[in-house]
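Be aware that the sequence shown starts at 4, since it is given in our numbering, and climbs by one per residue.
A few of these clues could be false.
Pairs of lysine-lysine residues, derived as DSBU-like cross-links and limited to a Cα-Cα distance of at most 30 Å, are as follows [to be verified]: (1) 78 x 148; (2) 146 x 283; (3) 255 x 146; (4) 304 x 316; (5) 283 x 148; (6) 88 x 324; (7) 342 x 146.
Simulated DEER-style distance windows between Cβ atoms [claimed, not checked]: (8) 119 x 192: 24 to 32 Å; (9) 255 x 346: 42 to 50 Å; (10) 46 x 85: 20 to 28 Å; (11) 97 x 119: 36 to 44 Å; (12) 66 x 41: 32 to 40 Å; (13) 85 x 281: 37 to 45 Å; (14) 33 x 194: 14 to 22 Å; (15) 54 x 91: 53 to 61 Å; (16) 333 x 145: 21 to 29 Å; (17) 135 x 97: 16 to 24 Å; (18) 333 x 202: 38 to 46 Å.
FYI, nobody ran anything at the bench for these hints, they're computed from the structure. Note that CB positions come from ideal geometry on N, CA and C, so glycine has one too.
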Amino acid sequence: MGGGNDEREQTLNQLLTEMDGFEGNTGVIIIAATNRPDVLDAALLRPGRFDRQVVVDRPDYAGRLEILNVHSRGKTFSQDVDLEKIARRTPGFTGADLSNLLNEAAILAARRNLTEIAMDEINDAIDRVLAGPEKKDRVMSEKRKTLVAYHEAGHALVGALMPDYDPVQKISIIPRGRAGGLTWFTPSEERLESGLYSRSYLQNQMAVALGGRLAEEIVFGDEEVTTGASNDLQQVASTARQMVTRFGMSDKLGPVALGRQQGNPFLGRDISSERDFSEKTAASIDAEVRALVDQAYDRCKAVLLENRHILDKLAEMLVDKETVDSEDLQNLLATNDVKMASIA
């Protein structure tokens, strides 16, 4: 596609030239690294080229703690900073992410004329790394502020009341990047490392993603629903389609993978999916995707309607404080009559 040599071929030819084996450099060890092993040519990976392949994955909790100990040297921290808590709050972070996190915290402390980096700077730096800087110059009307509060409260409340789902870490209606508000969840270390997600978890994930849109519908009515849920709806549709076509999680179609992926020659990325099924099966796929989305929609709506009083209180807290952490949310749930979501 496109013709001619691309970057991969030039890199490959240069490496093979350096490793042609005509020079008797015994005792010379060649080490190479890449973050795109999927695009390496078979000629480079055949026996005799590289004898060992070492996969360096994202660090686990123990690894993150050791990395934080390294990058914290030379920085002055206050007594409330606990590197173990930071390591637990940052699943999925790489070494570069953790280094950037502590540097951002140091910059924030300097901007605030502090002599030490406190836990507040660490928490703000985590939010900044994950979602971008705060947009403090944006003026929000009370109506918009209330709408965003209900949207984020919907996500958080559904997530907190779903069985076997990631716990809510923090809810904020402070604009960051292109988002008007954000709800952070703490992903399970085990799920991240294994990459294995159950059918019930994916169904919960779709319901949580729909929580913001449904909160808007319930509180403000269908006519006042905004475009703020566009990314959520894309995520729900993508998850449902993958459950049907890739993961074999459809009762009607069964454990069958549908559609062959076609790769392009540039960076090894997929550009299209070849259809290997009939029009009738395509219609069945669409129907199953719709059924999964409808099921998630109904579960989400039931949770919000049954816990409407908590939704209102959580939205009020967000309008008042702008940020609600996990402890505040747990206290709210503990002091009110809560009805958990049904099992899908």
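field: C-beta pair residue 333, residue 145: status relative to the range 21 to 29 Å that was hinted
entry: 28 Å, holds
- prompt: Should the hint that residue 333 and residue 202 are 38 to 46 Å apart at their CB atoms be regarded as holding?
  reply: Once the Cβ atoms are compared, 27 Å apart, the range 38 to 46 Å for residue 202 and residue 333 is violated.
- request: Could you check the hint for me, namely that residue 119 and residue 192 are 24 to 32 Å apart, CB to CB?
  value: Roughly 29 Å apart at Cβ, these two residues keep to the hinted range, so it holds.
task: Please test the hint of 53 to 61 Å on the beta carbon pair from residue 54 and residue 91.
output: 37 Å, violated
Distance restraint evaluation - residue 33, residue 194, Cβ atoms, bounds 14 to 22 Å: 36 Å, violated
query: Has the hinted range 37 to 45 Å been met by the Cβ atoms of residue 85 and residue 281?
result: Given range 37 to 45 Å: violated, Cβ gap about 58 Å.
message: Checking one constraint from the list: CA of residue 78 to CA of residue 148, max 30 Å. Satisfied?
response: 38 Å, violated
- request: Could you see if the CB distance from residue 46 to residue 85 stays within 20 to 28 Å?
  value: 50 Å, violated
message: Holds or violated: residue 88 and residue 324, Cα atoms, limit 30 Å.
response: This hinted pair holds, its Cα atoms lying about 24 Å apart.
query: Quick one: are residue 66 and residue 41 within 32 to 40 Å, going by C-beta?
result: 23 Å, violated
message: Quick check on a hinted range of 42 to 50 Å for residue 255 and residue 346, using CB atoms only.
response: 20 Å, violated
message: Holds or violated: residue 255 and residue 146, Cα atoms, limit 30 Å.
response: Violated, because 44 Å separates the two Cα atoms, which is more than 30 Å.
Of the numbered hints stated above, those contradicted by the structure are hints 1, 2, 3, 5, 9, 10, 11, 12, 13, 14, 15 and 18, listed in ascending order.
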